[in-house]
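Between the sequences and the hints, there should be enough to build the whole structure, so can you do that?
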Amino acid sequence: MQKVSKLTIFIFLLPALLIFSLYMVAPIPLSAFYSFFRWKGFGERVFVGLNNWIELIGDGIFHKALFNNFKLVFLSLFGQLPIALGLAILLAKKTKTTDILKTIYFVPLLMSSVAVATLWSNIYDPNFGLLNMFLQTIGFENLFIDYLGNPKLALYSVIVAINWRYIPFYMILFLAAIKNIPDELYEASRVDGASKWENFRYITLPLLRPTIINASVLSLVGSLKFFDIVYVLTGGGPNNASELMATYMYKNAFNSLRMGYGSTIALALFIIAFTFSIIFMKVTKKGAK
Amino acid sequence: MKKTLSLVVTVSMFLVILLSVSAIAQEEIVLWDITTEAESELPVIQDAIARFEADNPEYTIRHVPTSNDDYKTKLQVAMGANNEPDIFMSWGGGPLKEYVDAGKVMDMTEALKQDDWIERFVPAGLEIARFDENYYAVPITGMRAVLMFYRTDIFEEVGVEIPETYEDFKDVIVQLKDAGYIPLSLANKNRWTGSMYYMYLVDRIGGKEAFLNAANRNGGSFASEAFVRAGEVIQELVDLGAFPPGVNGLDEDQGQSRQLLYADRAAMYLMGDWAYGLIKNENPAMLENFSFFRFPVFEDGKGDPSNLVGSPGGNMYSVAKSSEHKEAAIEFLKYLSDETAAKQLVDLGNLAPFRGVEEYLDDPFMIDIYNALNNANYVQLYYDQYLPPQIAQAHLDTIQGLFGKTMTPEEAAQMVEEEAQKYFNEQ
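From first to last, the protein sequence lines are chains A and B. For the numbering used here, add 162 to where a residue sits in the first sequence, where the first one is 1. For the numbering used here, add 155 to where a residue sits in the second sequence, where the first one is 1.
FYI, nobody ran anything at the bench for these hints, they're computed from the structure. One should not assume that every hint holds.
As the list claims (entries may be wrong) - Residues on chain B that point at chain A, a partial pick, calculated with CB under 8 Å:
| hint | residue |
| --- | --- |
| 1 | Gln231 |
| 2 | Asp256 |
| 3 | Ala257 |
| 4 | Lys259 |
| 5 | Pro399 |
| 6 | Gly401 |
| 7 | Gly404 |
| 8 | Asp406 |
| 9 | Gln411 |
| 10 | Asp419 |
| 11 | Arg420 |
| 12 | Pro544 |
| 13 | Gly556 |
Note that the Cβ used here is the ideal one computed from N, Cα and C, for glycine as well.
Here is the structure:
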């Protein structure tokens with residue numbers, strides 16, 4: 163193989179590196195900088211020291227948003243991933259049906275988030291929506307569920323929509339990993355008289371471990387910084403009941419013109435997501451040894 | 156050798172692109188607004204651009220429309236990056252004032268006084284863009300009024316009349332409810348929809364001064380009696396079952412409020428007069444079953460019964476202070492507000508805020524709306540347009556709490572007042 167010069171590598175990496183630094187890396191110290199100011203996003207910047215951070219620590223809505231984010235993390239890790247894994251295992255067998263099902267199950271991921279949110283908002287519509295209509299048809303005539311307007315229910319309704327959208331992604335991830343497990347292992351275990359459960363427990367699961375960990379980190383970080391479906395479905399409402407850190411950040415920075423405080427939330431979000439993924443990766447690495 | 160050659164070619168290509176971009180930019184006026192394909196006013200803007208460019212061949216106008224909600228963010232980011240366009244659109248009021256305070260907007264007072272251009276506009280429309288004694292934008296599209304739309308056939312069937320007072324209004328609500336209808340259709344996910352009730356109630360109970368004194372800090376307060384009572388009345392209506400179940404989750408942008416009207420489930424609908432255009436589009440067969448009345452009065456209230464919630468000017472156009480083509484930009488805005496544009500706007504069902512526009516009106520519904528606006532002693536601009544964004548958000552945040560009864564009227568009023576104090580202390 164021809165030796166590639168360092169310069170060539172550098173030049174090929176440059177465009178991606180530039181875009182990454184400009185749009186991903188640079189905003190982080192910049193947000194940290196803005197978090198010390200009262201600023202509308204334009205015009206004069208007034209230095210306020212740690213005021214924004216003090217406000218954040220005492221801000222009840224931020225606490226609520228943070229808690230909601232953790233609920234989302236929990237329900238994604240223990241909802242999305244197991245279901246995705248189950249589907250992947252069922253679809254791993256190659257038959258005609260599984261090919262069709264694979265395509266069908268993959269559809270939610272192909273739709274844009276806004277379309278998914280609009281779809282679910284029609285499903286949840288309390289008066290004419292699919293779900294309530296269905297419940298009424300099968301006999302619950304007096305049942306009226308207010309999926310998005312009830313503050314106790316809104317967040318969970320949104321999480322169902324989020325899971326529906328992202329399960330196919332993890333399903334494909336797991337499916338690819340399962341396909342990579344050599345058949346010899348299963349053949350050998352069959353010779354040894356292993357049951358289906360034992361196959362899963364002692365071959366599939368251990369070999370999927372790296373994929374599961376990767377998927378978990380993706381799901382963890384994705385859930386902590388989640389924005390779009392919530393924004394379209396409830397806008398964080400009613401009355402902040404389904405507020406997430408990212409929607410609260412957006413509201414402050416762009417609706418209330420409090421760019422300084424919005425930056426503070428953004429940085430807090432970054433620190434939280436960063437810390438949790440580091441801890442998660444450390445813990446799972448230790449487990450591997 | 157080969158390398159050098161390709162390098163030279165690449166660099167020169169870049170230079171050509173750079174030069175051509177700057178060559179175009181020399182005579183280009185950039186115009187930002189929200190008239191995307193979805194907006195009916197687009198042809199009016201395009202026609203004004205064409206007419207201006209034909210008369211002023213040294214200029215081209217680059218029209219960049221962006222959809223409503225994205226537009227606000229986009230403009231804000233551009234302002235922050237000192238990258239604002241020559242001409243930009245806003246809705247006047249508090250948000251525009253933020254840009255004026257930041258020194259971003261050209262003072263148009265001189266230009267307006269020249270050749271009496273100022274006489275072209277309905278004064279109330281210009282008023283939304285006046286800060287101190289100076290004008291910073293001109294209104295181009297629609298005067299708007301929020302009205303109580305109702306299904307005439309349902310009113311007839313149930314046997315109720317248009318209510319004049321709040322007591323009558325409650326009667327109507329109870330009777331409609333007993334007849335199995337949802338009295339008031341409302342989709343409150345969006346919050347500005349529920350805010351319309353609140354604004355009317357504050358006005359009817361406390362008069363226009365209640366809001367103006369609170370907003371302008373003339374000894375008023377958002378926690379004063381009128382605001383608390385407005386919240387109480389909303390919750391009284393909630394208790395009467397006046398609103399659709401699940402009201403806080405329904406989405407106005409998806410028309411979930413109007414679906415209830417079309418399906419014969421709901422009878423009344425408090426909405427801006429644009430609802431007329433929407434109904435005409437969505438359900439033309441039912442249009443004749445709709446009419447409107449004014450928000451009822453409170454017998455002990457201070458509000459003038461002719462007062463409306465609405466806006467005496469919709470889309471307002473400003474010129475950026477940083478623009479290098481201020482004169483040409485003003486000239487273009489004259490095209491956008493001339494007789495031709497006025498006639499085109501009215502034909503689209505848009506009450507352009509220009510003097511003499513009534514001559515073009517022929518649709519009886521529009522004449523009614525025009526008269527309501529013309530006879531109003533005061534038009535209460537939407538709170539979220541009048542107030543600085545920070546306070547406006549606090550107000551909107553309380554609306555779902557009031558309709559969902561997760562907040563008491565006192566708490567809601569107090570929350571807005573606290574945000575107002577915080578905002579004004581920081582100024």
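Chain A contact restraint on Asp406 (chain B) - CB to CB distance below 8 Å: holds (6 Å)
Interface hint for Lys259 (chain B), Cβ within 8 Å of any Cβ on chain A: Holds, about 7 Å.
Does the closest beta carbon of chain A sit nearer than 8 Å to the beta carbon of Ala257 (chain B)? Given a least distance of 3 Å, the restraint on Ala257 (chain B) holds.
When the nearest CB of chain A is found for Pro399 (chain B), is that gap smaller than 8 Å? Hint on Pro399 (chain B): holds, closest Cβ of chain A at ~7 Å, below 8 Å.
So, as I understand it, the hint says Asp256 (chain B) touches chain A; can you test that by seeing if any CB pair is closer than 8 Å? holds (7 Å)
If you take the shortest Cβ to Cβ gap from Pro544 (chain B) to chain A, is it below 8 Å? Since chain A brings a Cβ to about 4 Å from Pro544 (chain B), closer than 8 Å, the hint holds.
Restraint outcome when Gly556 (chain B) is required to lie within 8 Å of chain A by C-beta distance: holds (5 Å)
Hint validation: Asp419 (chain B) versus chain A, beta carbon distance must be below 8 Å. Holds or violated? Nearest chain A Cβ about 12 Å off; hint violated.
Minimum Cβ distance from Arg420 (chain B) to chain A below 8 Å? holds (7 Å)
Measuring from the C-beta of Gly401 (chain B) to each C-beta in chain A, is the shortest one below 8 Å? holds (3 Å)
Restraint: Gln231 (chain B) near chain A, CB-CB cut 8 Å. Satisfied or not? Holds: closest Cβ of chain A sits about 5 Å from Gln231 (chain B), inside 8 Å.
Does Gly404 (chain B) pass the interface check with chain A, least Cβ-Cβ distance below 8 Å? Cβ of Gly404 (chain B) sits 3 Å from chain A, so the hint holds.
Violated hint for the displayed structure: number 10, the only one.
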